[in-house]
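One letter stands for each residue in the lines below.
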Amino acid sequence: MPKETTVRIKEDFKEKNILSLTQFDIPSLLKLFSVADHMQLLSLNSSPVDILKGTITTLLFYEPSSRTFGSFAAAIKRLGGATVDIVNPQLNSSVAKGETLVDTIRTFEAYSDLIIMRHPEKGAAQQAAKAAFFIPIINAGDGIGEHPTQALLDLYTIYKKFGRLDNLTGLFAGDLLNGRTVHSLLKGLSLFKNNTIYLLSPQLLSLPSLEITRLKKCGLTIKEIRSEKEIPPQANFWYWTRVQKERFKDLEEYEKVKKSFVVTQTLLKKYAGKEMILMHPLPRLDEIESSIDADLRSVYLRSQVRNGMYIRMALVSLVLNKIT
Amino acid sequence: MPKETTVRIKEDFKEKNILSLTQFDIPSLLKLFSVADHMQLLSLNSSPVDILKGTITTLLFYEPSSRTFGSFAAAIKRLGGATVDIVNPQLNSSVAKGETLVDTIRTFEAYSDLIIMRHPEKGAAQQAAKAAFFIPIINAGDGIGEHPTQALLDLYTIYKKFGRLDNLTGLFAGDLLNGRTVHSLLKGLSLFKNNTIYLLSPQLLSLPSLEITRLKKCGLTIKEIRSEKEIPPQANFWYWTRVQKERFKDLEEYEKVKKSFVVTQTLLKKYAGKEMILMHPLPRLDEIESSIDADLRSVYLRSQVRNGMYIRMALVSLVLNKIT
Amino acid sequence: MPKETTVRIKEDFKEKNILSLTQFDIPSLLKLFSVADHMQLLSLNSSPVDILKGTITTLLFYEPSSRTFGSFAAAIKRLGGATVDIVNPQLNSSVAKGETLVDTIRTFEAYSDLIIMRHPEKGAAQQAAKAAFFIPIINAGDGIGEHPTQALLDLYTIYKKFGRLDNLTGLFAGDLLNGRTVHSLLKGLSLFKNNTIYLLSPQLLSLPSLEITRLKKCGLTIKEIRSEKEIPPQANFWYWTRVQKERFKDLEEYEKVKKSFVVTQTLLKKYAGKEMILMHPLPRLDEIESSIDADLRSVYLRSQVRNGMYIRMALVSLVLNKIT
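Chains as they are written, first to last, in this note's numbering: chain A, 1 to 324; chain B, 1 to 324; chain C, 1 to 324.
One should not assume that every hint holds.
One copy or two, either will do: identical chains are not told apart, so a pair holds if it fits within one copy or between any two.
In silico PhoX-like links for lysine-lysine, alpha-carbon gap of 20 Å or less [unchecked claim]:
no.	residue 1	residue 2
1	Lys245	Lys97
2	Lys229	Lys256
3	Lys245	Lys256
4	Lys97	Lys223
5	Lys274	Lys31
6	Lys322	Lys10
7	Lys31	Lys245
8	Lys270	Lys258
9	Lys259	Lys130
These are calculated hints, taken from the structure and not from any lab test.
Isolated chain A, as found in the complex (with noise of 0.2 Å):
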C-alpha cells in the first residue's frame, strides 16, 4: 500500500506529497509562482475567498515555529479552509507513550485531508509520507533535512521582482555551510541558466567544497570572495544570513569577523545597486542594521514573508486540487 512518498511534480500537484525541492522542474515551478500571483490577488481583494472550504489540514508541529506555522495557518484560512492545530503531540500521552511517527500519521490522515508536518529530525517528512495511506504530506521543515516551501518563497521573491531566474547575479553572505535555507536556495537557482553566485563567509563557515563542485557542475558559476570589497555592483539579490558566535571554537577569531558580516547604511551605499533587494530568512537579529529595514530595498519584513504565505496558499490549493 505504501505509495511512493518523493514523486516529480512535473506541473501536476494533485495529492502529491511536498517533500523536497527536488520534485521542481521549471515548469512546475513556474506554475506554482502564477497559481502564487493569484493568491495574491485574491488576498488583496477584500471579498471572502472559498477555494477550500470544507477542508481539514491538520498542523502537526512536533516543534513550534510560530512564523510557519502561522504562515499555513493564515494561508488556508485565508482561502476558507479549516486546520487542525496539533503542536507539540510529543508531550501528549499517545506520543509519550511511544507511539510511533507511522500510527500518529495514520490516525491523523482519518482525520484530515492533508497533513503539513514540522518535525526535528531528518528524514521525517518521508516517513510520514510513507505512512500514510491516502492523503498528502507537505514538509514544513525537518531539522537539517528539507523546508521546500522556505525555499519555493525565496525563489518566488526574486522571480516575482526580476521576472525571471535565470541570467542573474547574487551574493550569498554570512554562514554557508549550516541553515538549509542556504542550500536550497542555491539548488533551485542551479535548475536556470547563466546564474552567478558570489559567496562570501568566514573561513569556517564556507560552503563546502564539495557543494560547489556539484552546483558548479549543474549550471551555476561561482565565485568564492573573502571581503564584501569584492561584492559585484551588478548583483541582483543579496541573501544575508547570521553569523552565529557558537559556530566559533576561537572567541578572537569570532570577534574579528563578525563586523563585516552586518549589512550597515555604508555597506550599501558602497556595494548595491538601487534595483537589488535584501533578503534574510529570518529571524534577523543584529546582522542587519534595524534602520535599513525602511531601505525599500530590504524585503525580508515584507514582500518576503507576505510571498511566503502566498507560495502556501497556492501549494495547499493545488496539492488538494482545488484549483488547476
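Model the placement of chains B and C on the given structure of chain A, informed by the hints.
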C-alpha cells in the same frame, strides 16, 4: 439552577450533557449510529457542509490528548462549526491562581454553545455539567472515570461491520483490569442480547470478579480463558489492549506473559476467522506486530479511528439540535 | 513610516490601534456600546453571521490567559472570522533566538488583518503598534499597563444595567492599589458627570492619593471609607477585588483584614440595595462566597463575562471597518 446532569437520552439528544455510556439505551444508540452513517456520507462527499455553521464549541482540555482533541476538532470543523481551543488552562494565570472548575466552566459557557472537556480527574465531567447553567457538556474523558465517545465508537465499529450488536462473540485480551475502554465496551455490549465474551488476560490483570458478576446479570455470557489456544474460532471481534510492564511487581512474571499478549501473523492465522475484526483502543505499541496493519481485518488505524470522527460529528450535531 | 499609535477615536474606529482607555471620549464609548448591543442580538439569534468572514486575526499571546484568549477567539469566530493562534511564541525558536518584538509583529502583520496581543510587559502594546506598518493592534493586556477591553466591558456592564454612566454611586472594595482593572474603570467613570465613588480597602492597599487627586480633578466625587458599615445603601454597583496574602509583610495584619473583604450573604443583606449589581474582574477565589453566585445581582460570572464577548465583537468589527 443547577440541572440534573446525567439524564437518559431516550432518543432525544437536544442540549443533554453526554457524560456516561449509561445514559444510552438501545434506540438511542441506534439513532446515533444512523446519524453517524449519514456523517460518513457527508464526509466522503466533497462539497462543504454547514450544519454547525455559526456554533462555537470550546475544547477545554486539562490534559492534552492529541488524538481525542484532533477527532473532535475535525468533526466540528468538517461540519462548518468553530472551536475555541483551550489546552492546559491549569497552567494559565486564572486557574493557576486557584479558580474553581465551576468558575472556569461558567466563563467558557458565556462564550460558547457547547463545552467538550477532557480532565485528568474522575468526576470532573459531572462537576462541569452541574456548573453549567445554559449549555451542555460532553465528557471527552475524565481520568479513570468515563470516556463515552470512545465506547460509542467501539460499539459503532462492531455494529457497522456486522449490522448488529447482539448475537456476537468477542474476545477481550491483554490488560482487562485497568483502562476504561474495556469496561465501557463490555457495559455497552451487555445492553444487547445473546453476546458471548471471552476474556484472556494475565491472572494479575483479570477483569474483577465483581464486574464479571454484574455483566453476567445483565445478560452477557462470559468465559475466562487462560491461553490463546482457547480463543473461539467464531469470534466476531478481538479487542486487544496492552499489557504494561509497570503493572507487574515481578519482572520475571512480566517477561513470562508478555509474549502471549502480542498479536502475530501466526496467532491470527491459527485462531482468527476470516470475517473477524481486530480492534485496539490506541495508542498501539508492540502488542500488535506492525506487519498486521496491512491485514484488512485490522481496523484499529483505519475504520475505528474514522468512526470516532463520525460518531463525534453525529453527537455534536444532535446535542446542538442541528440535525434530528 | 511608523504611525502615531495612540490616536483618539472620535467615533471613527477604522484601522485604529486600541491600546488604552484614554483614546475614548463619551461619544466613542456610546457608539461602541450601541454596536455591542447589536452584537448581543446577533449572538442570541441562531443564524450564522459572516461580518468578519474572510478576515484573519492573529491572537499573539506572550502569556496564556485563557479567559481573554477565549473571549476574543469566540468573538471573532461568532462573526465568521478566522484566527491564527500563537501562544507563548517566546518559547519558540525565532523569538527564543532573540528576535525583537518589532520583527515578530512585522512577520505576523504580513499574514493578518489585525493582531490582538497579550504581553507581560508594560508598553509592549505601544511598541507593537509602532512596529506595525499596515494593520492595527488591539492591546489584550500589557502587564501592569493597560487592558482596555476589560475596562470597556466593565463600563458597558454598568451602562447596560442603568442606561447611563453618569449620576451613579459605586463602591470599589479590596485591593485598590494593585490591579489595573480598578484604575481603568475609575478613569472611565471620571469621563462622566456626577459620579460618586466609595473606596474601601485595607490601609496598605489604598488607592494612591495622587490618583485620588487626579480623579477628583476630573470630576469624580471620591469618599474613602474604612468599614463596611459606611457602604452607602444607594450604591448602584460594587466592584469587588481580591486582597492577596502576598501583598502583606505582616501576616497577622493580613489575617485581621481578610475577613472584612469577603462578600457574604450577611453583608449583601445589610448593605446592598435591591437594584445594585455585584461585579468582579475575575478570577474570583473565596472573596465572594459561592452561594452568592445564584443571587441575580451577581453579574461577575454572567452578564459581565458575556458583555466582554459582545464588546470584543463590536471592537474588532469596528476596527476592521466591517460595521459602521
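Hint by hint, here is what the structure shows:
1. Proximity of Lys245 and Lys97 under a CA criterion of 20 Å is satisfied inter-copy only: 12 Å between copies versus 37 Å inside one chain copy.
2. With identical chains, the CA atoms of Lys229 and Lys256 are at most 20 Å apart within one copy only, with a shortest distance of 17 Å there and 73 Å across copies.
3. With identical chains, the CA atoms of Lys245 and Lys256 are at most 20 Å apart within one copy only, with a shortest distance of 11 Å there and 54 Å across copies.
4. For a Cα distance limit of 20 Å, the shortest separation of Lys97 from Lys223 qualifies neither inside one copy, at 51 Å, nor across copies, at 31 Å.
5. For the identical chains of this complex, Lys274 and Lys31 are neighbours neither inside a copy (29 Å) nor across copies (49 Å), given an alpha-carbon limit of 20 Å.
6. In the homo-oligomer, the alpha carbons of Lys322 and Lys10 lie at most 20 Å apart inside one protomer (17 Å), although the nearest pairing across protomers, at 42 Å, exceeds that limit.
7. In the homo-oligomer, the alpha carbons of Lys31 and Lys245 never lie at most 20 Å apart, since the shortest distance is 40 Å inside one protomer and 54 Å across protomers.
8. In the homo-oligomer, the alpha carbons of Lys270 and Lys258 lie at most 20 Å apart inside one protomer (19 Å), although the nearest pairing across protomers, at 69 Å, exceeds that limit.
9. Within a single copy, Lys259 and Lys130 get their C-alpha atoms no closer than 46 Å, and across copies no closer than 29 Å, so neither meets the 20 Å cut-off.
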